[in-house]
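Asks: Letter by letter, the chains look like this.
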Amino acid sequence: MKPGGAYYRYLNRVGWFYIAPAVLLYCAFMLYPIGSSLFLVTQKWRGFNREFVGLANFARLAQDKIFWQALGHNFLFIFTQIPIMVFLALILAVILNKGIGRFRGPFRVFYFLPCVTSLVAYSVLFRILLQTNGLLNNLMLGLEVINKPIGWLNNPFWAKVTIIIALTWRWTGYNTVFFLVGLQNIDDTIFEAAEVDGAGKIRQFFRITLPLLVPVILFSAVTSTIGTMQLFDEPNILTWEGGPSNATMTVALYIYRQAFVTNSDFGYASALSYVMVLIAGALAFIQIRLLGGRD
Amino acid sequence: MKRVVTVSLFILLTAAVVFGGGQGSTGKMAGKTVTVWCWDPNFNGFSMQQAADVYKKIRPNVTVEIVDIPENIEGKIEAGLQAGGAGLPDIALFQDFVIEKFIQNYPGIFVDLKAEGVDYSKFAQYKVGPMTDGSKIYGIPFDTGSTGLFLRVDFMRDAGLNPDQYKRNMTWDEVIDLGTKIKQSGGKPLLAYDSTSYDFLRILVQSTGTQFFKPDGSLNFKTPALRKSLEYMKKMNDGGLFYTAEGWNNWVSAFNNGQSVGLLNALWIIGTLKSKSENAGKWMVAPTPLVAGVPGARNASNNGGSSWYVFASSKEKAEAVDFLKSTWASEDPAALEFYNIILKQAGAMGTFLPSRSGSNYTANDDFFYKSQPVFKDFAAWMENVPTLNYTANYLAMRDSLRNAMNLLFGGEITTIDETLTRAEQEYKQVTGQ
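Residue numbers (numbering that gives the first Met the number 0), protein chains in the order written: chain Y, 0 to 294; chain B, 0 to 432.
Chain B extracted, bound-state conformation:
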């Protein structure tokens, strides 16, 4: 008898453990939950939370759950896709440069938002290109990576220079000249440079409007834009104008601790600059320098930027689509105001054009030298950014260029031609072409 009691108790307990979880989730059936994956709680996660707060007022019974995936989010998504959609969220954030790989390699995984009625003429056009697949458009553009040249005015003054003279459209020759002057007067290297990243080169090449790939998808390396950009970088490297850092953290501490006069990157770095409050008033931003002599070159470029996508496998597809549409793509005053908030509080500049009427877009920023209205400047430069075609093989292309570039700067290879040939060979090996 005792044994029967024990066994039945055991079965009961097991059943409670096994089915208990199920009961918990059915309890939520009254409201629906939309899950979102992104990777930076202070930036895109924060922005999505603001959007979720707006949506809470429109549809109180839908909960938006934001999950932070700090490491290799694309790898996790690929594993989920190969497993037939298991474990995937309803919405995920993708870097613009990887999205073509997903659209081409995994056809049909995203919901066509154009068919759902999103008006794409209201978004910055260079963001829409990569997410377009024939007549379908999949994503909701998130932020821009409009770039600028960040410089410390105190270091320029120490070298006897007037910072105001450099707050204009410059060419790279003028910038090298500036760096050399500072260096000769015993100053710091001009720019912090991260040797593990290829972003610097990308900013230069994209500013010319030249593509890394030909329209047929093959490599387009032997271009004046790429040669010229590498020449400038080599010149800065050999002339001691780079403070070479290894990796993101090392790079950030280099310019935040004043080991270089400045840096070249996108506006999303502003939050990182502001984390060092003792540098207030010392920074200014000049337009991206011009790669002179290359047809189509401009004083504007882009680095980074990402967009939101809804998975076709989502169980709450209708809610997920409605959520994105009524926050990120809505001209409702509440939605426009959240764009205004994320700009100020996270430094995230949206690419939904009507949102640019927000007060923070034109506000003076006291953190910068002479209260420069930096967001106004970046928004103006954004309009001139040429579109970059990423293709499905962007990552292999990016890494092969970075690897060859490091060999050039380290002196293992000597000419630009050899660098480009080396990069092209590695790309072909890695992609099996």
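Bound-form chain Y, shown alone:
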């Protein structure tokens, strides 16, 4: 390769001209905010009143019990909701792939609908279904499954269950679609060969289907982890500002409340976001290493 050729390509003005809008937008809406938030974290910020405090926001964060509690909730949701969801999505995908011959299309739409529903609309609906005198409690009381209404929204334990149910309802169908595509990409001849060798259906599932689906499971686990790390709407609307008594407070909601609700403290909120990004990045890294390290 001639060095001159690369140099001319570098100087290709037309090329630069074409990508200029994308680069400008990226700089304005990605690089600039990231850069300026580096300045924000060094400030104690109350609206227009700000002062340089160095790393004091991080010291405050280390002692902020509400923040650690919120982070704990994020992890709780990640480690309980995502496995449940992946498991359910896998079963649904297998059923959709083999079990149902006809109506596959309508079923796919049916499972995919929740994740294109408006966040606010579904949170409000869940609220009505789950309130103490709501449909679910009345149904279970009527069937005598329970003898006292469950505080789906005002009991610290059940409110967490509510969030897990809501997230599972919303995202299982979404992940099912990925698994379905993964399943359809597995060559049928592999299964035929396994059958000839005398492997049963269950053995085929664990020895062939599952290992070949690992990349898809990995993708779905990583995106779900990042999504759950940023969990905001459900605790904000469904369980009222992370209620009851902060039992469903998450880091993203706490950041929002620090900046736009309680304190106008954009410096502290930025410090919290940096920590959130670092943790989400670390989790994604670990997952990729654990599940996909071999290739």
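These are calculated hints, taken from the structure and not from any lab test.
Take these hints with a grain of salt, some might be off.
Claimed, not checked - So the derived list for chain Y, only partly shown, Cβ under 8 Å to chain B, looks like this:
1) 78
2) 79
3) 153
4) 260
Every residue, glycine too, gets a C-beta built ideally from N, C-alpha and C.
We have chain Y; now place chain B onto it with these hints.
Replies: Leaving out everything else, chain B in the frame of chain Y:
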């Protein structure tokens, strides 16, 4: 040649799209537009529209445009302020409890209306306190949140009680006694209570005149008023006198559908009661019960209430100020009449004292039991409402108390002391103190 035509057409069209908008707005230059942000088209939005109609007759060339911001208006305003005033309206409505946060955290964003000649002695004084900053006063007070105890007379009769005996200044002990009697005769829980809100506690504490904050801005939680109020609430909760609802809609449907005997809240709830017309004649309003034994306690309190503010960044500052002054702060008969209209049609009671001469202030209201003149009662109670100091940290204080209170009612913590300590800890964590 064809290419040249295409390109020039394209440029022309682009120019039309880009500059067309500009032409549209310059076309309006003949008249000026004052934009107002508020959040309830049936209440404050409706009231502002009435004021705008009055102003249309005074200055026909000024258009008042009212924009409904139903969700988190303060967050939107903060985003605009951080962006150097971009996208903000000329006038906005602020809850009284958040205004000190804006005045302290964002100095200089509001127009000093005292300097513009507004006479604040004509407004209810408890409304003026929070909007005062040294020698400057920023807002035009809008509505009062004068409170009362709303009770269903039919449910009281079912329990063998005479409602007329309870239309008087009661103490909370008497109210608990009333609730217990109804409960024992197989009746409903006495009061609908919203577990996501702290308003109930606020009404009790404000009725004593005790502050949530000390003058230096630090918390003032360990007071007889707060302890006593929590004790009463705990007693009602544990005794089954609360119908506990989750959130506003659930709470409203609880008392509108007769799942509780009554509720404790401000007069602005009357419109919501009236939306259920089959309940006409069944409601009565007693004064806010007394937190007995706390010095300074009265049979009057407040919940909610908001005020209008002009942004200093407004391009139509002069018009915005003139608009507010010649409608909300004017003794002109037309202005006083619009106060009279919004009281009747939206249930919004202004805090401009001369407006209380309006006919609707004393009128009998057939929706209520024995045509009780409820607005007359609420206006009389309003005069006794003690001022509450909100400070810039009111929201953090409010939420920490609500959270601790829910733990107390849920049985996760058992004593009032622990509740107050818990709330204080959370407040310090959230505000970084």
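Asks: Now, for every hint given, state plainly whether the structure supports it.
Replies: Evaluated hints:
no.: 1; hint: 78; verdict: violated (24 Å)
no.: 2; hint: 79; verdict: violated (21 Å)
no.: 3; hint: 153; verdict: holds (5 Å)
no.: 4; hint: 260; verdict: holds (6 Å)
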